[in-house]
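Produce the complete structure using the sequences and hints provided.
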Amino acid sequence: MKKIFQLALGIITSVGGFLEIGSVTTSAQAGAQFGYRLLWPILFGTICLIFLIEMSGRLAAVSKHTIVDALRERFGFPFFFVVLVGIALVAFMVLIAELGGIGFALQLLTGISFPLWALPVSFFVWLLMWKGTFSLIENGASLLGLVTLSFAVAAIKMHPDWSGVASGLLPTMPEADKARYGFLTVSILGATISPYLMYFYSSGAIEDEWDRSYIPMNRVIATFGMTFGGFLSMAVLVAAALALQPRGIQVDTFPQAALLTTTALPRWGFYLFALSMLFACFGAALEISLSIAYFFSQGFGWNWSEDLEPSKNSRFAFVYTLIIILAAIPLLLGVDPIKVTMMSMALTSATLPFAIVPFLFLMNDPIYLGKFRNGWISNSVVAIVILISFALALISIPLEIIGG
Amino acid sequence: MKRFLVVPLVLAVACKPPTAAEQMDSILSWVSTAGMAGDAWLRHTTPDKYTRQTLELSDQTLLQIGADLLKSPPPSIDSAVLDSVLTRSRFHIAQMARLVVEKNAPDFQKQLDSLRLDQKLVKELAGSVGSSQ
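Just so you know, the sequences run in chain order X and R.
FYI, the numbering for the first sequence is 1 to 404, going by my numbering.
FYI, the numbering for the second sequence is 1001 to 1133, going by my numbering.
Worth double-checking, as some hints may not be accurate.
[To be verified] Cut-off 25 Å, straight-line C-alpha distance, at most; resulting in silico cross-link-like pairs (SDA-like, lysine to any residue):
| id | chain 1 | residue 1 | chain 2 | residue 2 |
| --- | --- | --- | --- | --- |
| 1 | X | Lys64 | X | Thr133 |
| 2 | R | Lys1049 | X | Thr253 |
| 3 | R | Lys1049 | X | Pro115 |
[Stated by the list, open to error] Computed footprint of chain X on chain R, listed as stretches where at least three residues anywhere in the stretch have a Cβ under 8 Å from a Cβ of chain X:
| id | stretch |
| --- | --- |
| 4 | 1025-1038 |
| 5 | 1051-1063 |
[What the hints assert, rightly or not] Which chain X residues stay away from chain R? Per the calculated CB distances, all over 10 Å, these:
| id | residue |
| --- | --- |
| 6 | Ile47 |
| 7 | Phe77 |
| 8 | Leu128 |
| 9 | Val147 |
| 10 | Leu149 |
| 11 | Ser213 |
Since the hints were made in silico from the structure, they are not lab data.
Even for Gly, the Cβ is constructed at its ideal location relative to N, Cα and C.
Here it is, written out as structure tokens:
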């Protein structure tokens, strides 16, 4: 009975925690500019994510290692340190974007400009990290994030052309704006396949003391949670394609994105959008802060657990305190979170090979996984992710500049 | 060696400023944003502050993009027509922002109707620039 409850909670929180500023922004921009054409990177990214999340949970349940623990142990500290710097920097940029997203959501609700929210928002995120437990962060924020289901309601209420939606699931090239199309593809994949999710998930499995009996549950949570989450990203794109594209509105700023749901849900659409962004970005900010703290603490061999008192793992608490303070600074200076989001999503794509190649080695290592090593399907999917992410890494920087 | 030559070349090409078609798309986007935000306000579905801030942002952005575009207007459009439609649009948007503060829905509706006419013209201009490039 306990496991059924955990399973249901795991799926619900995966859905509620799926959307964040990156997935909303990239999907909204894609739908507003290219209609349904960019549904395929969401589909592709979600399939890859299902495999990667399942592997992260399996590694933790079988080997009792988080990904970071195992990476450091298997490849040595110098190699790990290179990976650490790259991934932590990108995750830090994503944190800036998420805190900015919370500020923008509060600006929509109150009219008070988002830089003024930088300090109170950062303080509140830090306070929850300091006082909260892992389950509060994992479940509380994600349950609030279920308000993002309003995007699915909005998309369905606008009666999309389902054959058009289906055709968007197959890759096609537009006649014009090819560079922008490529950049948005890169950004959507970066937003969907975020390495921090893998680190968070494997650390969470250790925090929740998973063992081999959790392997079937892990598979179901990864499959259903990520699939429903992917549907929500698609719903944002479909809503943008129907509400904004016919009017020629591009999503360059948050006030433009806020119009996404006002047509389909006239009475509550604006407020549901603002609340969706507030809770989605809030949950993501907590998860990313925690992931970076996990990353450093596990990498350097310090004590770590969100369930411990800060005095018992002071270096872990110091890391998240420091990064939250640092992330607030650019927002105080008025840096546009949407621009940071788009840059960080493209850079996420660029760092995917560094995160995933060593992970593939780990997942095939009998010392860590024994008979639970990857099968050919998992390996093939991960290999495809590696190939694509290498290609994306090569093209994402110039595309970022062309994309503006 | 070729690789070292290709990378700066790609970056140099990539660093190009926005084209006239992209600028016209941005102008259309902001005029339409003002129109949609105005519609939403008239239906009482968005707060006053959001509407006013969005209208002011549209006005400022149109001023900036319009000034850039009019420095070297595309040959396919009459720059006097573009200047005139931009000036009118910005005027309607500024009036709408003022009328939100006054909560004057009837006059707001009139300005919105006028903005709609200019929006059509902007769409045609954007189409003509897009098809000529």
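Structure-based check of each hint:
1. X:Lys64 with X:Thr133: Holds, because 20 Å separates the two Cα atoms, which is no more than 25 Å.
2. R:Lys1049 with X:Thr253: holds, 16 Å
3. R:Lys1049 with X:Pro115: Cα-Cα ~16 Å, so holds.
4. 1025-1038: The restraint on the stretch 1025-1038 of chain R holds, since 9 of its residues have a Cβ under 8 Å from chain X and three suffice.
5. 1051-1063: Contact hint for the stretch 1051-1063 of chain R vs chain X: holds, 3 residues under 8 Å.
6. Ile47: Holds, since 30 Å exceeds 10 Å.
7. Phe77: holds, 32 Å
8. Leu128: The claim holds: Leu128 (chain X) sits with its nearest Cβ about 27 Å from chain R, beyond 10 Å.
9. Val147: Its Cβ never comes within 10 Å of chain R, the nearest being 17 Å, so this holds.
10. Leu149: holds, 20 Å
11. Ser213: With a cut-off of 10 Å, Ser213 (chain X) remains clear of chain R, as the shortest Cβ separation is near 50 Å.
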